[in-house]
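J.: Sequence:
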Amino acid sequence: MVDYSALGTHDKFLCGIVLSVSWRDYFAPISSFKTPQRTNIKDSWGRPISSIRFSFMIPVPQGVLSVKRIANEPNKPYRTLLNMELRYCRRQKDSICSKANFAYHAATVKKDELIVRNCCDFKALESASAEYAEQRLT
Numbered sequence: 199m200v201d202y203s204a205l206g207t208h209d210k211f212l213c214g215i216v217l218s219v220s221w222r223d224y225f226a227p228i229s230s231f232k233t234p235q236r237t238n239i240k241d242s243w244g245r246p247i248s249s250i251r252f253s254f255m256i257p258v259p260q261g262v263l264s265v266k267r268i269a270n271e272p273n274k275p276y277r278t279l280l281n282m283e284l285r286y287c288r289r290q291k292d293s294i295c296s297k298a299n300f301a302y303h304a305a306t307v308k309k310d311e312l313i314v315r316n317c318c319d320f321k322a323l324e325s326a327s328a329e330y331a332e333q334r335l336t
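Take 199 as the starting number for the sequence shown in the working numbering and just add one per residue.
To be clear, the hints were calculated from the coordinates, so they are not data collected in a lab.
Treat the hints with care, since some could be wrong.
The list that follows gives simulated cross-link-like pairs (lysine to any residue, SDA-like), each with its CA atoms no further than 25 Å apart [as the list claims (entries may be wrong)]: (1) K308 <-> L217; (2) K309 <-> F254; (3) K266 <-> C213; (4) K232 <-> C213; (5) K309 <-> R222; (6) K297 <-> I247; (7) K297 <-> S230; (8) K297 <-> N273; (9) K321 <-> P246; (10) K240 <-> S253; (11) K291 <-> F225; (12) K297 <-> A326; (13) K232 <-> R288; (14) K240 <-> N281; (15) K308 <-> V258.
Turn these sequences into a full structure, and let the hints guide you.
T.: Right, dumping it as structure tokens:
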């Protein structure tokens, strides 16, 4: 959580979706990035409202995530946006999982130059995540 209270806005938390990629839980962040692209989240009129950033997915060990209770969000416009994003993600679940797996495969197996250049190093992150999880257990 990042404190933005000095700016008079809501705190920033890492909002995203958790999905299974290569037999691991991955967190794919949702961003306010609205430039038209294949990863946009759209409102009911088809307009981009945000984007799922598959290139910035990170593997997450068990026990490090918490659930955002949208109903408890005090900022009504922000709560509305979060609800629209959630509805979209639920409707597009299969497509989202497919795109996440495509990004992972293109970056780790296919080694697509453009994707590799613009993605996190998933394999390095997996190693770091496993090391972190091991340290938490000791």
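J.: Now tell me, hint by hint, if it's right for this structure.
T.: Structure-based check of all given hints:
Only pairs whose Cα atoms come within 25 Å are accepted, and K308 paired with L217 is accepted, the gap being roughly 21 Å. With a C-alpha separation of about 16 Å, the suggested pairing of K309 with F254 holds against the 25 Å cut-off. For the suggested pair K266 and C213, the alpha carbons sit about 8 Å apart, so the restraint of at most 25 Å is met. About 15 Å separates the Cα atoms of K232 and C213, which keeps this hinted pair within 25 Å; it holds.
At most 25 Å may separate the alpha-carbon atoms for a hinted pair to count; K309 and R222 meet this at roughly 20 Å. Restraint check for K297 and I247: the C-alpha separation of about 18 Å stays at or below 25 Å, so the hint holds. Among the hinted pairs, K297 with S230 is consistent with the structure: their alpha-carbon atoms are about 19 Å apart, no more than 25 Å. Between K297 and N273 the alpha-carbon distance is near 31 Å, which puts this suggested pair outside the 25 Å criterion.
For a cut-off of 25 Å, the pair hint linking K321 to P246 is broken: about 31 Å separates their Cα positions. Of the pairs offered as hints, the one joining K240 and S253 holds, with about 19 Å between alpha carbons and a cut-off of 25 Å not exceeded. A hinted pair counts as satisfied when its Cα atoms are at most 25 Å apart, and K291 with F225 qualifies at roughly 14 Å. A threshold of 25 Å between alpha carbons decides the hint, and for K297 with A326 the separation of about 23 Å falls inside it, so the pair holds.
Our distance criterion of 25 Å between C-alpha atoms is met by K232 and R288, whose separation comes to about 19 Å. About 12 Å separates the Cα atoms of K240 and N281, which keeps this hinted pair within 25 Å; it holds. Taken as a hint, the K308 and V258 pair is honoured in the structure, with Cα atoms around 23 Å apart against an allowance of 25 Å.
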